[in-house]
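Asker: Chain by chain, the residues run as shown.
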Amino acid sequence: MKKIIVILVFAIFLISSCSQRGTDAAKAKKLIDYNKKKFDSLPLSGKIVNGIREINIKGSQYEWEPENIVVSKGDKVRLIVESIDVPHGFEIEGIQIPEWNPDNLIKKGDKATLEFTAKDSGVWDTICSGYCGPGHGTMKRKFIVRE
Amino acid sequence: MRKIPKTFLIIVILFLFSLSLASSHSSYLFGISLDFDRELKENTINAAQKFMNTQKIPIIFDLNNGLIMVHFEPQQTNYVEIDPIDYSVHGFRNENLKHSQGTVKFSTKQAFEIAMKEFDKLSPSTKSELKYSNAVEVDGTYFYKWFRYNNGILILNNDFFVNVDAVNGNVIAKRLAVFGYPAQLMDKNPAITGNVAKKVAELTFNLPSVENFNPYLVINGNEMLWVSRLKGPFYPFYVGVSARDGSIAFTGVVPGEVPDNYSAGIEIKIIETDMVENIYSSK
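Just so you know, the sequences run in chain order S and Y. Note that the first sequence covers residues 1 to 147 in our numbering. Note that the second sequence covers residues 1 to 283 in our numbering.
Quick caveat, the hints were computed from the structure, so don't treat them as lab data. Using N, Cα and C, we set each Cβ at its ideal position, and we do this for glycine too. Zero decoy hints are in this set.
What the simulated footprint calls covered on chain Y by chain S, stretch by stretch (three residues with Cβ under 8 Å from a Cβ of chain S suffice, anywhere in the stretch; the number is not a length): (1) 28-35; (2) 182-195; (3) 238-249.
Facing chain S, a subset of chain Y residues (Cβ under 10 Å, in silico): (4) Leu63; (5) Ala201; (6) Thr204; (7) Tyr280; (8) Ser282.
Sample of chain S residues lacking proximity to chain Y, with all beta carbon distances greater than 12 Å (derived): (9) Leu44; (10) Ile48; (11) Val49; (12) Gly51; (13) Arg53; (14) Glu54; (15) Pro66; (16) Thr117.
Make the full structure from the sequences, and use the hints.
Answerer: Written out as structure tokens, the structure is:
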């Protein structure tokens, strides 16, 4: 009898702890799904020119236009980054853009053309990589690659 | 108080520094130019020169978490840190005030009293948000550090330190970080639990957590994050999960210093927002 009680108590403990873990895992999965789809309502940025998604970006103290960049996975992307006022840098943190050094400053009125393929889906931060004034740190937006 | 070998400390500092540079260009920038804004440049230099009581021309400017470092000598030995918003002085380092020879004359306690005089110069509201953390002895000097908290939760990169020479008692460096957000604009309670955040990290990267590591809360900017630690294929790494919506905020190293034995999290009340409740109840 004692053995049965011990087994029952152990089974209840096991089931309750498993269900608790399951609850946390289920909640976590829902949060992950939500964050994956969070940007689905945003339209794709720019237009297709000769098979390349071309997006014009304007940088000024302390914002980017458009605010967020949205492309599809596998897109060949061409970013034409223009500085409106003071020198700005451009970087997508975590993505290395061929032949582009984020330390390069784009001077007022200049345009830099960056080309790469959006290989992985996900969300990255785009930042100004050259000091552009007291609000420099707030010049941070999103680069979104949809599945 | 712990005594850390200088070489080890330098290696650790350089390592952390390189990681922080690799993970974010925006927190520290070497050799920035201020030529695009004449007024900004002039006012910054004037404030630094006035503070150092010098007419020397700066040799270089760096950006350190929103503060412009005006260097008058090479290798981080003589600089002033200026807030470009109001040109106030937030910090300095002057190695010329450091002893060149002699024996230790100031105990940790005596030097702490000197550091406290610097702390007392801060505004009452700033002081009320800072908590003293620890002292570290490096190369004949003492570092005393305070961290900023909101509702018991550490605010990353919002700290204050004073560096006192153990031989001559001079304050050779100090720094008050820019407090980016007032406390009332910061998240006060997490909307998801630490265990859910831990699961988000595990499932996102398909990796297990480090055993016996309990997630803790920090505030980065004005956003509250749960910090988890995963076992990577080669070494463990940290994952910051937003306590607002479970999104991944950072991976790799925690983007700011965390005091030893810091563990705030479990005791903080979870307040599920409507958004999080809706996500949980969705099919």
